[in-house]
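Novice: If you want the building blocks of each chain, they are given just below.
There are 2 protein chains.
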Amino acid sequence: MFLPFKDHLKEHFPKVEQSRILVAISGGVDSVVLAHLCKKANLDISLAHCNFHLRGEESEGDEAFVLELADALEVEVFIESFETEAYARSKKISIQMAARELRYHWFEELRETLDFDYIFTAHHANDNLETFLINLVRGTGLEGLTGIPEKNGAILRPLLSFSRAEIEEYAHNSHLKWREDSSNASGKYMRNKIRQEVVPKLLELNPQLLESFNNTQEHLQQSAVLVEDYISALFPRIAKQEDYGYSFRIKMLKTIPNVRAVMYQLFKSFGFTEWNDVYELLEAQPGKIVYSKTHRLIKDREKLLLTTLSSEDEREYEILAEEEVVMLPMGTFQFETARELSEVGKDSIFLDQNKLKFPLTVRKWEEGDHFHPFGMKGKKKLSKFFKDEKLSLPEKENCWLLCSDDEIVWVIGYRADARFGVDEKTSTILKLTFTP
Amino acid sequence: MFLPFKDHLKEHFPKVEQSRILVAISGGVDSVVLAHLCKKANLDISLAHCNFHLRGEESEGDEAFVLELADALEVEVFIESFETEAYARSKKISIQMAARELRYHWFEELRETLDFDYIFTAHHANDNLETFLINLVRGTGLEGLTGIPEKNGAILRPLLSFSRAEIEEYAHNSHLKWREDSSNASGKYMRNKIRQEVVPKLLELNPQLLESFNNTQEHLQQSAVLVEDYISALFPRIAKQEDYGYSFRIKMLKTIPNVRAVMYQLFKSFGFTEWNDVYELLEAQPGKIVYSKTHRLIKDREKLLLTTLSSEDEREYEILAEEEVVMLPMGTFQFETARELSEVGKDSIFLDQNKLKFPLTVRKWEEGDHFHPFGMKGKKKLSKFFKDEKLSLPEKENCWLLCSDDEIVWVIGYRADARFGVDEKTSTILKLTFTP
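Here the protein sequences line up with chains Y and U, keeping their order. As numbered in UniProt numbering, residues 1 to 436 make up the first sequence, in order. As numbered in UniProt numbering, residues 1 to 436 make up the second sequence, in order.
Only chain Y is shown next, with the shape it has when bound in the complex (with noise of 0.2 Å):
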């Protein structure tokens, strides 16, 4: 078997000639053949090779495999060792998904330092088939059966024309020793399911399926870019960024067509997968919220408002004493002295230095919580201030308090308290200034 790699670059990367390029390498068959095709067609590589330590005794071996390889082909190697496990626990994402931000970075980072120009990786059209059965059995949508691109930013897939039967057989011919991933890893179950019984039937009706099949994949993905490009052409037109997140004009949503199908592609990456919830929020109650693992989505007044769950909301910072600039992971106090009151915006107030007991706190509101309103009589329940001030809802959770004694001194960026206020007894005025 011939595989008409050289001409296959020519056509699809002409620049690669004169580029400096790092293979990445597992030591399985793959790999193996396009370092092996890379250097028969005189190409500058290097290997990487990560050595994940996820098989014991075998990922060893593949570490010595790749040295020795390296050695033969006379090419420079760079190995890196991971602590995948930890990462993927820490992160608490799978093993997989570890593995390749942990590959990808590595490889990046490589790049960059070293002046490569660009990263072979050995996929082919088969991983791309399979991929694109894997998700279609669990359910998907276009973005899962795009697959993965010959080329994205500075990474090639040179051999992603071609099939494993291609490249097995390459490499037979060829004499090549590589490694076998004995791994049985439960990810790996429904992948070669596919691999060994359905692929194969699907290849009897249609030998040339791996070719009609990366056209099919070059229109699939030509349909998803087009998606991208309308979505991204319709955002200015109905979302609004905001400290909190977005917030889109349900009446402008409305004049679109099919807008069931533009709020899945605007919200799908956030995590959301209740979508009848979601779609139904344009026409449900103002307060109706539909929440994703990460985020959430509210129906205001007038508007959908997208916010991210955050679980910092719930701390509170200390301001110890009034050095002159606090900075908070909110913004900035910046405290001085002033001499008299003076016109000031909503980020500032002036107040009686010592009505103030240190440290002071500062936190979100909570149900309960009243203060005394500048220029009013008495106390007010701060949940009907913000109604009276028609603050939606990721506003008033967006909004902090300062508080001394855990009584309200601020309710930062609308509005100060009468008690903590300037008046005839005041000795020392600070003029208190905040920069989110």
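It should be emphasised that the hints constitute simulated quantities derived from the structure, not laboratory data. Careful: at least some of the hints might be erroneous.
Copies of the same chain look alike in the list, so a pair counts if it fits in one copy or across any two.
[To be verified] Here are the simulated DSSO-like cross-link-like pairs (lysine-lysine), alpha carbons at most 30 Å apart as the crow flies:
1) 254 <-> 15
2) 151 <-> 251
3) 39 <-> 387
4) 240 <-> 10
5) 251 <-> 10
6) 379 <-> 193
7) 188 <-> 201
8) 425 <-> 293
9) 251 <-> 390
10) 346 <-> 425
Given chain Y, work out where chain U should sit, using these hints.
Specialist: Then chain U, alone, in the frame of chain Y:
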């Protein structure tokens, strides 16, 4: 097995309870189950059966079976015979395509004339999954993966959420009778193989495959409508309707992101297959043409021109005498006698009646044609005239010539010939007006 048909109808097609419905029935298990379910749900149905006369006695048996079924269900039945093979031959399409066209055309006719509200067909989830896989095997694009929709105008498919297994189990448990289709038409080979060998493997990997596939289908359909919406929004910006078809300004096309993907969407319905050639037209020399079976895409100086391939162009038409109005396929010729010359537009000329020899002919131009352009001395090649007038290829091809004794009298819409014009010896002036 309980088939929650009534609930499903309520949820998906709330209007059908008060409607007159035509159920398409082949006699196979799917449509028999559909008819029974409709009857049990107290819907107001009639049956419609097509006899395509493709399987001899079996076709007659199907027809007899449907008549009995209608009797048993106490519903009205319509039966129509089709000359399917002759129709396929005359339209140069496959037998399956022919049957499809004939069937839907007849259903629609019945619906309109007899005031049915909806047509029900018995497609189920496996049909869509099989079609998806068949198209995948053959090579396809998004349009080949989106499957039959649950609702398409007046055509509803109330079984589309159910699997073949559910339907067959219902048929067995309800002791229904139906006709087995023994046809082994070649088009069925692939479907049977996918049904019997591929789908069962996928079901082993995910017993809920058909449910997740229905979701996949919904997502893909949504993506497909967004692509259409995007192209519809772009179309008026980049395309201009012309007498000969459409023109697309290349400069404008080049401002669009992912222009190749857009071109694929724009031109795929015109039968083009050589996509690289199509894409390369953007940079090609003027005059380069890409053909489909029915259309051409022409690189003009600053535009792409899309035209149909018409076989009528080679005909010659005759104008036997100067009747008042002569109607021909390309337009209408109106002769009037005139007392004197007057100011006229491009669509009228004045002629000396005595110089004309009837019958006149109307034809397209040919290489080698020449004439004596009015207002110029001597003769000129028509090709040179077109070039000087900067006509595009389809404009040239769309241009008709009026001839007398095969001498050009009028390059219609562009220039009269001096030899047939009015002079001092003219006794009868004819004014000829052409309306396209």
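Novice: For each hint, tell me whether it holds in the structure or not.
Specialist: How the hints compare with the structure:
1. 254 <-> 15: between (47 Å within a copy, 23 Å between copies)
2. 151 <-> 251: between (40 Å within a copy, 27 Å between copies)
3. 39 <-> 387: Answer is neither: 70 Å inside a copy and 55 Å across each miss the 30 Å cutoff.
4. 240 <-> 10: Neither: 45 Å inside a copy, 38 Å across copies.
5. 251 <-> 10: Between copies only: 29 Å across chains, 52 Å inside a chain, cut-off 30 Å.
6. 379 <-> 193: Close neither inside one copy (69 Å) nor across copies (77 Å); limit 30 Å.
7. 188 <-> 201: Classified as both: same-chain Cα gap 20 Å, cross-chain 16 Å, threshold 30 Å.
8. 425 <-> 293: Neither: 52 Å inside a copy, 94 Å across copies.
9. 251 <-> 390: within (19 Å within a copy, 49 Å between copies)
10. 346 <-> 425: Within. Shortest intra-copy distance 25 Å satisfies the 30 Å Cα cut-off; inter-copy 95 Å does not.
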